[in-house]
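S.K.: Please take these sequences and the hints and turn them into a complete structure.
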Amino acid sequence: MLSTLQPPRSLSLLPLRRFRNSKTIVSASSSTTSVISPPQSQILTTRRSLLSGETTAAEIAKSYLSRIRLTEPQLKCFLHVSENVLKDAQEIDQRIAKGEELGPLAGVLIGVKDNICTQGMPSTAASRILEHYRPPFDATAVKKIKELGGIVVGKTNMDEFGMGSTTEASAFQVTANPWDLSRVPGGSSGGSAAAVAARQCMVSLGSDTGGSVRQPASFCGVVGLKPTYGRVSRFGLMAYASSLDVIGCFGSTVADAGMLLHAISGYDRFDSTSSKQDVPEFQSQFLSVDHFESKPLNGVKVGIIRETLEDGVDSGVRSATQEAASHLEALGCVLTEVSLPSFSLGLPAYYVIASSESSSNLSRYDGVRYGNQVMAEELNKLYECSRGEGFGGEVKMRILMGTYALSAGYYDAYYKRAQQVRTLIRKDFKAALEQNDILISPAAPSAAYKIGEKKDDPLAMYAGDIMTVNVNLAGLPAMVLPCGLVEGGPSGLPVGLQMIGAAFDEEKLLKVGHIFEQTLKGSSFVPPLLANVP
Amino acid sequence: MSTTLFRTFQPNQFSLLGTSLLRRRRSNNFSVRSCGSQTTTTHEAKQSSPTRVAPKNHKSNKLDEILRDYEAVIGIETHVQLSTLTKAFCSCSNNYGSYPNISICPVCMGLPGALPVLNSKVVEFGVRLGLALNCDLSLKSKFDRKQYFYPDLPKGYQISQFDIPIASGGYVDLDIPLEFGGGHRRFGITRVHMEEDAGKLLHSDTGDYSQVDLNRAGVPLLEIVSEPDMRSGIEAAEYACEMQRIARYLGVSNGNMQEGSLRCDVNISIRPIGQAEFGTKVEIKNLNAFSAISRAIDFEISRQALLYNQGKADEIVTETRLWEEGAQKTVTMRKKEGLADYRYFPEPDLPEVILTKEYVDSIRASLPELPEAKRRRYEAMGLGMQDVLFLANDVSVAEYFDAVIGKGAEVKLAANWIMSDIAAYLKNEKLSINDIKLTPHELAELIAAIKDGTISGKIGKEILFELLAKGGTVKGMIKAKDLVQITDPVEIEKMVIQVVSENPKQLEQYRSGKTKLQGYFAGQVMKMSKGKANPGLLNKILLEKLNAKD
Numbered sequence: 001m002l003s004t005l006q007p008p009r010s011l012s013l014l015p016l017r018r019f020r021n022s023k024t025i026v027s028a029s030s031s032t033t034s035v036i037s038p039p040q041s042q043i044l045t046t047r048r049s050l051l052s053g054e055t056t057a058a059e060i061a062k063s064y065l066s067r068i069r070l071t072e073p074q075l076k077c078f079l080h081v082s083e084n085v086l087k088d089a090q091e092i093d094q095r096i097a098k099g100e101e102l103g104p105l106a107g108v109l110i111g112v113k114d115n116i117c118t119q120g121m122p123s124t125a126a127s128r129i130l131e132h133y134r135p136p137f138d139a140t141a142v143k144k145i146k147e148l149g150g151i152v153v154g155k156t157n158m159d160e161f162g163m164g165s166t167t168e169a170s171a172f173q174v175t176a177n178p179w180d181l182s183r184v185p186g187g188s189s190g191g192s193a194a195a196v197a198a199r200q201c202m203v204s205l206g207s208d209t210g211g212s213v214r215q216p217a218s219f220c221g222v223v224g225l226k227p228t229y230g231r232v233s234r235f236g237l238m239a240y241a242s243s244l245d246v247i248g249c250f251g252s253t254v255a256d257a258g259m260l261l262h263a264i265s266g267y268d269r270f271d272s273t274s275s276k277q278d279v280p281e282f283q284s285q286f287l288s289v290d291h292f293e294s295k296p297l298n299g300v301k302v303g304i305i306r307e308t309l310e311d312g313v314d315s316g317v318r319s320a321t322q323e324a325a326s327h328l329e330a331l332g333c334v335l336t337e338v339s340l341p342s343f344s345l346g347l348p349a350y351y352v353i354a355s356s357e358s359s360s361n362l363s364r365y366d367g368v369r370y371g372n373q374v375m376a377e378e379l380n381k382l383y384e385c386s387r388g389e390g391f392g393g394e395v396k397m398r399i400l401m402g403t404y405a406l407s408a409g410y411y412d413a414y415y416k417r418a419q420q421v422r423t424l425i426r427k428d429f430k431a432a433l434e435q436n437d438i439l440i441s442p443a444a445p446s447a448a449y450k451i452g453e454k455k456d457d458p459l460a461m462y463a464g465d466i467m468t469v470n471v472n473l474a475g476l477p478a479m480v481l482p483c484g485l486v487e488g489g490p491s492g493l494p495v496g497l498q499m500i501g502a503a504f505d506e507e508k509l510l511k512v513g514h515i516f517e518q519t520l521k522g523s524s525f526v527p528p529l530l531a532n533v534p
Numbered sequence: 001m002s003t004t005l006f007r008t009f010q011p012n013q014f015s016l017l018g019t020s021l022l023r024r025r026r027s028n029n030f031s032v033r034s035c036g037s038q039t040t041t042t043h044e045a046k047q048s049s050p051t052r053v054a055p056k057n058h059k060s061n062k063l064d065e066i067l068r069d070y071e072a073v074i075g076i077e078t079h080v081q082l083s084t085l086t087k088a089f090c091s092c093s094n095n096y097g098s099y100p101n102i103s104i105c106p107v108c109m110g111l112p113g114a115l116p117v118l119n120s121k122v123v124e125f126g127v128r129l130g131l132a133l134n135c136d137l138s139l140k141s142k143f144d145r146k147q148y149f150y151p152d153l154p155k156g157y158q159i160s161q162f163d164i165p166i167a168s169g170g171y172v173d174l175d176i177p178l179e180f181g182g183g184h185r186r187f188g189i190t191r192v193h194m195e196e197d198a199g200k201l202l203h204s205d206t207g208d209y210s211q212v213d214l215n216r217a218g219v220p221l222l223e224i225v226s227e228p229d230m231r232s233g234i235e236a237a238e239y240a241c242e243m244q245r246i247a248r249y250l251g252v253s254n255g256n257m258q259e260g261s262l263r264c265d266v267n268i269s270i271r272p273i274g275q276a277e278f279g280t281k282v283e284i285k286n287l288n289a290f291s292a293i294s295r296a297i298d299f300e301i302s303r304q305a306l307l308y309n310q311g312k313a314d315e316i317v318t319e320t321r322l323w324e325e326g327a328q329k330t331v332t333m334r335k336k337e338g339l340a341d342y343r344y345f346p347e348p349d350l351p352e353v354i355l356t357k358e359y360v361d362s363i364r365a366s367l368p369e370l371p372e373a374k375r376r377r378y379e380a381m382g383l384g385m386q387d388v389l390f391l392a393n394d395v396s397v398a399e400y401f402d403a404v405i406g407k408g409a410e411v412k413l414a415a416n417w418i419m420s421d422i423a424a425y426l427k428n429e430k431l432s433i434n435d436i437k438l439t440p441h442e443l444a445e446l447i448a449a450i451k452d453g454t455i456s457g458k459i460g461k462e463i464l465f466e467l468l469a470k471g472g473t474v475k476g477m478i479k480a481k482d483l484v485q486i487t488d489p490v491e492i493e494k495m496v497i498q499v500v501s502e503n504p505k506q507l508e509q510y511r512s513g514k515t516k517l518q519g520y521f522a523g524q525v526m527k528m529s530k531g532k533a534n535p536g537l538l539n540k541i542l543l544e545k546l547n548a549k550d
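Note that the protein sequences, when read in sequence, are chains A and B. Counting with UniProt numbering, you get residues 1 to 534 for the letters of the first sequence. Counting with UniProt numbering, you get residues 1 to 550 for the letters of the second sequence.
No lab work stands behind these hints: they were computed from the structure. Using N, Cα and C, we set each Cβ at its ideal position, and we do this for glycine too. Where hints are given, some of them may not hold.
[What the hints assert, rightly or not] In silico EDC-like pairs for lysine to aspartate or glutamate, Cα to Cα no more than 20 Å straight-line: (1) A:430 to A:290; (2) A:416 to B:352; (3) B:142 to A:394; (4) A:416 to B:341; (5) A:454 to A:394; (6) A:276 to B:352; (7) B:146 to A:412; (8) A:381 to B:152; (9) B:200 to A:412; (10) A:416 to B:163.
[Claimed, not checked] Derived, one-sided and incomplete: chain B residues facing chain A with beta-carbon distance under 8 Å: (11) 109; (12) 111; (13) 115; (14) 118; (15) 145; (16) 208; (17) 212; (18) 343; (19) 345; (20) 348; (21) 351; (22) 364; (23) 368.
M.R.: The following block contains the structure:
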C-alpha cells in the first residue's frame, strides 16, 4: 500500500510546456526543469526509512530540530518548540526495536497552530491574554495525531486568534516568508505554512476560517487543505467564528496533506457540528506517476470561476492560474468557465458573520478563570483592563464590529442579511458543482507581499481574502497547491491554485491535486532559504 | 428525592403540618394553600384571608379603600432546575455537594476550545413539561446565545433559546383553596425554553474579594414564562405552587425553592380599574418561598397603589426590586437604564433541535396523570375540595391514595385516614409517605376491618401506628393480639352489668340526673373489654341498664 509513491522513473509522460509566453514567471531552477522529480510524500518516505531501518526516528527528529535551530532565528515560525520531540522519537524507535506495530504517522514531525489545544504545552492563539496558558486537554485532532504516532514539534505562530492574513497580528513575533524574508508568509496560519515550506516540520495543522490555511499555503508554496465543515472535529480549536472554522492541513505534497487529513477526520462526540459522514481511504488516490494513464484525469469536469480572474488580480497570478488550467486540460480535464453571481457579496458577508461570532466567542477571555488578569478595584475595570491589555488591535476591531452587528436594531441589517447572502453563495456553489467536479481559482489575488505593506490598511488586507471566504461560507472543501512562480524575492514567489470540491468530496480534490502536482514540470517548490541549510 | 408535602412543602397555618418557617415569622402568617384536613384545624387560629402586608404608617382600612380602585397585572418567570444526571452540555455530574468547583470540566468552565454537546434528557424534559402545560411544541427549535459579562458566566454568554422556544402557547389550570375564596383558574403560559444555569459568586466576609463556584454552571434549566394573567399575590403563589407540583409529578425537578431548584421572578404592574393599558412594570427577585411571592406582591401592590393615590405615579419606574424577608418589603436592587441588549444570535456550536412526531407521541404516552386531572378525578369521586387539594398536592401521597382505593377501600374513609392519622404520624416522625411500612393494601384491609366490624375504630387507630412503623398485616395483627371486636350482646351485657353493679354511687348520681356519667360507665366497660367492645352495642346496652327501673 505504501509503495504507490515511488520516485518517478520517467517524466516524459506529459509533453506539457509550462510557463510559455509569460515573462512574469520565473522558473525556480531555470534550465534544469527536466531533472526535477515530482515532490515526494514526507510521511511515506519517513515510514519507509523507519521500517527499512535505514534511519531512526531520533535521527530524523534531530535533523529537523537542527534545521529549526538554523532557520528559526530568521523565520520565527514557532511560538513554542516542544522539549519532548527527541524523547517522543526515541519511543517510536523503541517500538520499532520491539517489533510493535507502528501508526501511520509514526515519527512524523507535525507543527500545530497555536490556537489548537495541546495538553500541557502552551496554547495561546498568539494572544497576550492567553500568554503561558497550557490547556488541560488535547484537541481531538491532536489526540488523533498522537495516537497514530505523530510527534508534535511545537506551536506555530499565527495572527492573534486567527484574525489576520499576514501573521503580523501575532502578539509575540512576526514570521517571515521562507521564499523572501522581507515578505509575509500569509495568514492567519502563517507559521504552519512557513514551517512546512522551510522543512522545519513535515506537515502541520492550521485552521481556516476565511482562507487562513489556503492563502498562506499559496504564499509559501506548500499544499494547504481546508476540509469540508464538519469533517474534522473542532474540539480544542479556540473558536474564532464557529460556523466557519475548520482545522486544515499543510504538507509539501498533496499526499501528505491528504494523509494528515485522514488521520484527523471523523465524527467526534465532543463536537456536535462534526459530521458522521464516512471518511474514505484517501491514500488510494495517491498513485505513483508511472501508474498514470496518458490522460489520467480524462473526463474530469473543471470549472474555472470567471469572477476570480477579473480586475484586482495580479497578472502573474492570473496567467499562472490559466497555465494551471491548461495543464489540467492536458491531463484530460474538461475545462469550462463558470460564473458565481454572488461571488463579490461574500467578502462583506464573511466579515459580518466572522466578526459577530468572534465577538461572542472571545467573551470568555475575561481574565477571571485563566489567562492574564489585570487586578482592579471593581469588576468592570477588571474586564476592561484584562481585555484591553490582553487583546491586540485587530482583535479589538473585530470584536467591536461584531458587537455592533449583533446589537438590537442592527441585527437584521447586518447579521441576518449576511446569513441571507450566505444562503445565496451556497446555492451558487451548489449549482456550479452540479455541472463540474471541481472548481478552480487563484488562492489569493497576489503572491506574498512585503511585511508591513498592508498593516495600516486593513481593507486592503481584507480584500486579499476574496478568493477564499466564499468557500467557508459554503462550508466546502478546498485545496491550494503550488502551480507556479511569479517574479519577486531572490528566486521568485510561489502562487497557489485553489481547487474547490463538493461537500465531503475531499477525495476528488486529492486525486486531481495529486496528479496535477506529480505531473507539473518546471519548478520545485523549495524555498531558496533551504539551499544553505542541510 | 422529593420529601413529602408534610415537611418541606410550604407554610400552612391550617394544618398540623405547618412548617417551622411559618411559625418563625408572625402569628397571623400567610398561607399559600391549605393542606389541612377536617381534623387539623385546631392547631392555629383559623383565618379566612391572608394578611395584606402594608407599608408602615398607613392605616390598613384606608389602604383597603385605595386598593379597591386598582388592579394588579402579574406575570411570572419560573426557572426549574432539571434533575438530569449530568449537566446540559457536558458530562459533569449534576449532583454535587456544597464543596465548590468539584463538578466542573473544560466545557462548563468555558476553557478555550471546549464545545457544548446537548444532553438529550434536557429536550425530553422540555417536551414533557411543554406537554404538561398544554403548549404547542416547536418541532424545529434552536439554541441562541444570550450575551453579558459576569464572573459566574464562564463563556460570557448563556446558551438559551430566544425566538423559537421548544414550547409555547399553553395554559395551566388550578384551584384556589377555599380559605382564599376558592374557585378554578386558568393562567396562560407564554413559553417554555431550555437554557443553562450560571455559577455562583461567593463573597468574602470582608468584601475584599469574591470567588467563583462553577458547580452550578451548565446545569439545565427550563424557564417557564406565564402570561400576565394573575391579579393577586394568592393567584401568583398558587401558580408557582402548581409549577412545582407539575415539575414533581413529571419527575423533571425536585422543585425545592429553598435550594433554588425552583426560582420565581415576578413582574408586576398596577393600573386603575377600567384602564386597558398596562402600568409600569417592576420585577421582583429573591422570592424563595411561596409565601414570599404572595407577600411581596401584596406589598408591591400597596406600594404602587399608594404612589398612584398620592399622585406620584411617576415614581413607579421600571426596575428590579428585591424582596427582603426580614423587613417584609421590597427594595430597589437596580434601576434599568434602557433595555439590556443581550445581542442574541443563533448558537453556532449546536445543531437545531429537531423533534419527530413519533418522539413527541411517545413522550405524551408516558406522561403521568397530572395534578389537574387528578383533582378533577378526586372531585368526581365525591371528595370535598379541601380533601382534593390535600391529596393531589403531593404526587407520592396521591399515588398512595390511588393505590388504597385501588384495593377497594372506601374513598372518603381512605382520604380521612391519610389526611389525619397518617399525615400526623409522618409529620411527627419527619418521614415521607414513601417511608412508611404500611402498604396501601393493608390500609385498605384496615379500613375494611373497621367497616365490617371486625375491629373497632379505636383498635384500628392503635394498630395503625404499629403498622406504620413496623409493617405486617392487619389480619395477622388482629389474630396475634386477639383484637377482634366483641359484638356479642350477651358478652357485652355481662360486662355492663358488672360495671354498673361495681359503681353503685355513680349509678345513683346518674339516675338522679347526672346523665353525663354515661361516658364514665362506657369508658369502664371499654376498659374491661380491652377496647374491643363494639361501641354502638355497648352504648345501647349500657343505656338500657342505666335507665332500667329495678
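S.K.: Next step is simple, just say for each hint if it's right about the structure.
M.R.: Evaluation of the provided hints:
{"no.": "1", "hint": "A:430 to A:290", "verdict": "violated (35 Å)"}
{"no.": "2", "hint": "A:416 to B:352", "verdict": "holds (17 Å)"}
{"no.": "3", "hint": "B:142 to A:394", "verdict": "violated (31 Å)"}
{"no.": "4", "hint": "A:416 to B:341", "verdict": "holds (17 Å)"}
{"no.": "5", "hint": "A:454 to A:394", "verdict": "holds (13 Å)"}
{"no.": "6", "hint": "A:276 to B:352", "verdict": "holds (16 Å)"}
{"no.": "7", "hint": "B:146 to A:412", "verdict": "holds (17 Å)"}
{"no.": "8", "hint": "A:381 to B:152", "verdict": "holds (16 Å)"}
{"no.": "9", "hint": "B:200 to A:412", "verdict": "violated (34 Å)"}
{"no.": "10", "hint": "A:416 to B:163", "verdict": "holds (14 Å)"}
{"no.": "11", "hint": "109", "verdict": "holds (6 Å)"}
{"no.": "12", "hint": "111", "verdict": "holds (7 Å)"}
{"no.": "13", "hint": "115", "verdict": "holds (5 Å)"}
{"no.": "14", "hint": "118", "verdict": "holds (7 Å)"}
{"no.": "15", "hint": "145", "verdict": "holds (6 Å)"}
{"no.": "16", "hint": "208", "verdict": "violated (11 Å)"}
{"no.": "17", "hint": "212", "verdict": "holds (7 Å)"}
{"no.": "18", "hint": "343", "verdict": "holds (4 Å)"}
{"no.": "19", "hint": "345", "verdict": "holds (5 Å)"}
{"no.": "20", "hint": "348", "verdict": "holds (4 Å)"}
{"no.": "21", "hint": "351", "verdict": "holds (6 Å)"}
{"no.": "22", "hint": "364", "verdict": "violated (26 Å)"}
{"no.": "23", "hint": "368", "verdict": "violated (31 Å)"}
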